[in-house]
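Participant: Sequence:
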Amino acid sequence: MDELEEALAMAMTTAVSNTRVILRRYMTWFPSEDEMEVTSYISDFVQGEVSTNNVVMKVMSSGHPDFKAGNLCLGDDWMARSSVQTFPLTEVTRTKSRRRSGGRSMAAATLSNKRVILKRYVTGLLSEDDMEVVTVEAPPLDVPTGSKGVVVKNLYVSCDPYMRNRMTRHELPSYIPDFVPGEVLENFGVMKVISSGHLDFKAGDLVWGMTGWEEYTVINNPESLFKINHPELPLSYYTGILGMPGLTAYAGFFEVPKPKKGEYVFISGASGAVGQVVGQLAKITGCYVVGSAGSDEKVNLLKSKFGFDDAFNYKKEQDLEAALRRCFPEGIDIYYENVGGKMLDAVLPNMRLGGRIVACGMISQYNLEQPEGVRNLYYIVTKRLRMEGFHVFDYYDRYYRFEEEMAGYLKEGKVSYVEDVVEGLDAAPAALIRLFTGCSVGKQLVAVARDSSDPDHT
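When you line the sequence shown up against my numbering, it's residues 74 to 531, in that order.
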């Protein structure tokens with residue numbers, strides 16, 4: 074008789090009650106208490122299957138050489154003997170996304186992990202109620218043996234307009250997957266490596282890339298992360314001018330329209346993370362640059378800090394076409410599109426022959442249940458225009474060249490940068506909303522934790 078048979082026989086002969094939680098049916102949506110059932114068995118070990126999870130156990134008695142009475146163990150359940158590991162209770166961590174209970178035993182023994190999750194798919198205007206800040210148990214801070222992943226501590230996470238699209242359920246696949254209700258939101262961020270099983274990364278490395286909106290994240294495929302080569306600059310810049318938005322501006326301006334000195338450039342959403350960089354790159358190239366923004370404060374910022382030749386507050390303009398004619402009496406050569414809708418419609422008649430439109434984003438459309446139509450598309454034909462969309466992921470191979478060039482501009486004072494930083498993940502949902510209400514000024518981001526190595530550390 075093997076060990077399992079002996080255990081079964083003992084349970085049956087001593088008629089010890091065994092309270093357990095079983096799964097009643099497969100789930101197709103959010104789990105509810107009705108999907109599970111708490112039962113007590115004396116001798117029935119056939120009906121239902123126990124719901125397994127990593128659980129903490131105390132050995133009552135043992136005939137196994139690896140265990141003795143009083144051992145604290147972690148395993149799937151008492152029947153999965155081969156998976157049980159002994160450990161000191163203070164080192165217990167879990168990878169499950171379970172919220173912490175008020176119970177004393179586990180809460181006192183685990184490291185917490187605050188995170189922002191999507192509560193439901195969003196239609197129409199995004200609200201803070203569509204997201205929720207929860208606290209779960211942190212993942213183990215040591216990568217498992219044989220893993221090539223990394224565990225990171227998140228320092229800054231970025232707020233970007235494209236996140237809104239991921240909050241809507243799409244029938245057709247997009248360039249990036251939809252978020253899943255109940256799961257942590259993710260976006261680009263700045264991180265410090267806590268532990269690593271990958272040859273390219275070691276504990277203490279500063280990196281940026283895709284991560285969770287949470288305090289600690291396990292990244293199983295860290296090949297997409299970029300090492301930070303200029304830690305002497307504020308680390309938060311790697312969520313913006315030295316990160317994805319900066320590369321978006323750089324590649325979108327230099328690779329798509331191929332600008333030439335003396336050309337006329339218009340940028341919508343010009344005070345945002347991408348627009349402010351595009352405008353300054355255009356000025357360095359020798360172009361005439363005009364931007365639009367949604368407040369007088371932002372208009373002043375474009376002209377006084379970023380060096381735009383002109384700018385206007387689109388909310389104060391009764392006729393956008395007339396405003397563009399005023400700023401560009403000879404027409405527009407390059408339009409860097411961040412807004413869409415009515416702005417795109419007004420730009421098309423004002424384009425010059427052979428003009429180029431860089432379709433980077435259309436933030437005015439993201440919260441609409443029914444997108445706005447464009448009436449002036451025929452100008453693409455009559456003015457021989459080229460309108461081209463692009464994704465920054467297609468230009469990742471240019472990143473380190475871009476990083477060196479942009480870091481040089483920053484150190485030489487050739488470009489300026491403005492951020493809008495909020496402190497803590499509790500403020501993250503409201504910070505994301507600010508992108509769509511026009512309240513943010515400059516690059517919107519969240520400081521999750523301040524690192525002493527950061528030049529901007531306070």
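Since the hints were made in silico from the structure, they are not lab data. In this text, a Cβ means the ideal position worked out from N, Cα and C, and glycines have one as well. Hints should not be assumed to be uniformly reliable.
[Said to hold, decoys possible] Derived lysine-lysine pairs resembling DSSO-like cross-links, with alpha carbons at most 27 Å apart:
hint, residue 1, residue 2
1, Lys388, Lys376
2, Lys300, Lys456
3, Lys221, Lys192
4, Lys226, Lys376
5, Lys378, Lys356
6, Lys333, Lys226
7, Lys221, Lys378
8, Lys456, Lys487
9, Lys415, Lys331
10, Lys334, Lys187
11, Lys331, Lys487
12, Lys333, Lys187
13, Lys275, Lys331
14, Lys221, Lys356
15, Lys415, Lys300
16, Lys356, Lys265
17, Lys334, Lys376
18, Lys456, Lys484
19, Lys389, Lys378
20, Lys331, Lys356
21, Lys388, Lys333
22, Lys389, Lys331
23, Lys334, Lys300
24, Lys331, Lys388
25, Lys333, Lys300
26, Lys221, Lys334
27, Lys484, Lys331
28, Lys389, Lys356
29, Lys187, Lys356
30, Lys226, Lys334
31, Lys226, Lys356
32, Lys376, Lys415
33, Lys376, Lys333
[Unchecked claim] Quick list of simulated restraints, FRET-style, between CB atoms:
hint, residue 1, residue 2, range
34, Lys221, Arg457, 48 to 56 Å
35, Gly197, Asp524, 49 to 57 Å
36, Asp524, Val253, 23 to 31 Å
Participant: Give a verdict on every hint.
Facilitator: Hints and how they fare:
Taking the CA atoms of Lys388 and Lys376, the gap is about 17 Å. The hint holds against a cut of 27 Å. Proximity of Lys300 to Lys456 is assessed by CA-CA distance (about 44 Å); at most 27 Å being required, the pair is judged violated. Using a Cα cut-off of 27 Å, the hinted pair Lys221 and Lys192 is violated, with the two alpha carbons roughly 31 Å apart. Restraint check for Lys226 and Lys376: not satisfied, since their Cα atoms lie roughly 38 Å apart, outside the 27 Å limit.
Distance restraint check for Lys378 and Lys356: the Cα-Cα separation of roughly 12 Å lies within the 27 Å cut-off, and the hinted pair is therefore satisfied. Between Lys333 and Lys226 the alpha-carbon distance is near 43 Å, which puts this suggested pair outside the 27 Å criterion. For the hint pairing Lys221 with Lys378, the CA-to-CA distance comes to about 44 Å; that exceeds 27 Å, so the pair is violated. Simply put, Lys456 and Lys487 have alpha-carbon atoms about 35 Å apart, too far for the 27 Å limit, and the pair is violated.
At roughly 26 Å between alpha-carbon atoms, Lys415 and Lys331 fall within 27 Å of each other, so this suggested pair holds. Distance check on the hinted pair: Lys334 and Lys187 sit about 49 Å apart at the alpha-carbon level, beyond 27 Å; violated. The straight-line distance between the Cα atoms of Lys331 and Lys487 is roughly 21 Å, inside the 27 Å bound, and the hint therefore holds. Using a Cα cut-off of 27 Å, the hinted pair Lys333 and Lys187 is violated, with the two alpha carbons roughly 48 Å apart.
At most 27 Å may separate the alpha-carbon atoms for a hinted pair to count; Lys275 and Lys331 exceed this at roughly 39 Å. About 44 Å separates the Cα atoms of Lys221 and Lys356, which puts this hinted pair outside 27 Å; it is violated. A C-alpha spacing of about 40 Å is found between Lys415 and Lys300, which places the hinted pair above 27 Å, so the restraint is violated. Among the hinted pairs, Lys356 with Lys265 is inconsistent with the structure: their alpha-carbon atoms are about 35 Å apart, more than 27 Å.
Between the alpha carbons of Lys334 and Lys376 the distance comes to roughly 20 Å, so the proposed pair stays at or under 27 Å and holds. Proposed proximity of Lys456 and Lys484 is contradicted: the alpha carbons are some 41 Å apart, above 27 Å. Taken as a hint, the Lys389 and Lys378 pair is honoured in the structure, with Cα atoms around 22 Å apart against an allowance of 27 Å. Of the pairs offered as hints, the one joining Lys331 and Lys356 holds, with about 14 Å between alpha carbons and a cut-off of 27 Å not exceeded.
Proposed proximity of Lys388 and Lys333 is contradicted: the alpha carbons are some 31 Å apart, above 27 Å. The hinted pair formed by Lys389 and Lys331 fails the criterion: a straight-line CA distance of about 32 Å is larger than 27 Å. Pair hint Lys334 plus Lys300 does not hold up; C-alpha atoms about 33 Å apart against a cutoff of 27 Å. For the proposed pair Lys331 and Lys388, the alpha carbon gap of about 31 Å is over 27 Å, so the pair is violated.
The suggested pairing of Lys333 with Lys300 is violated, with an alpha-carbon distance near 32 Å, which exceeds 27 Å. For the suggested pair Lys221 and Lys334, the alpha carbons sit about 47 Å apart, so the restraint of at most 27 Å is broken. For the suggested pair Lys484 and Lys331, the alpha carbons sit about 26 Å apart, so the restraint of at most 27 Å is met. Our distance criterion of 27 Å between C-alpha atoms is met by Lys389 and Lys356, whose separation comes to about 26 Å.
Distance check on the hinted pair: Lys187 and Lys356 sit about 42 Å apart at the alpha-carbon level, beyond 27 Å; violated. Simply put, Lys226 and Lys334 have alpha-carbon atoms about 44 Å apart, too far for the 27 Å limit, and the pair is violated. For the hint pairing Lys226 with Lys356, the CA-to-CA distance comes to about 37 Å; that exceeds 27 Å, so the pair is violated. The straight-line distance between the Cα atoms of Lys376 and Lys415 is roughly 24 Å, inside the 27 Å bound, and the hint therefore holds.
Between the alpha carbons of Lys376 and Lys333 the distance comes to roughly 22 Å, so the proposed pair stays at or under 27 Å and holds. Between Lys221 and Arg457 the Cβ separation comes to about 50 Å, which falls inside the hinted range of 48 to 56 Å. Checked against the hint of 49 to 57 Å, the C-beta distance between Gly197 and Asp524 comes to roughly 38 Å, which is inconsistent with it. In this structure the supplied range 23 to 31 Å holds for Asp524 paired with Val253, their Cβ-Cβ distance being about 30 Å.
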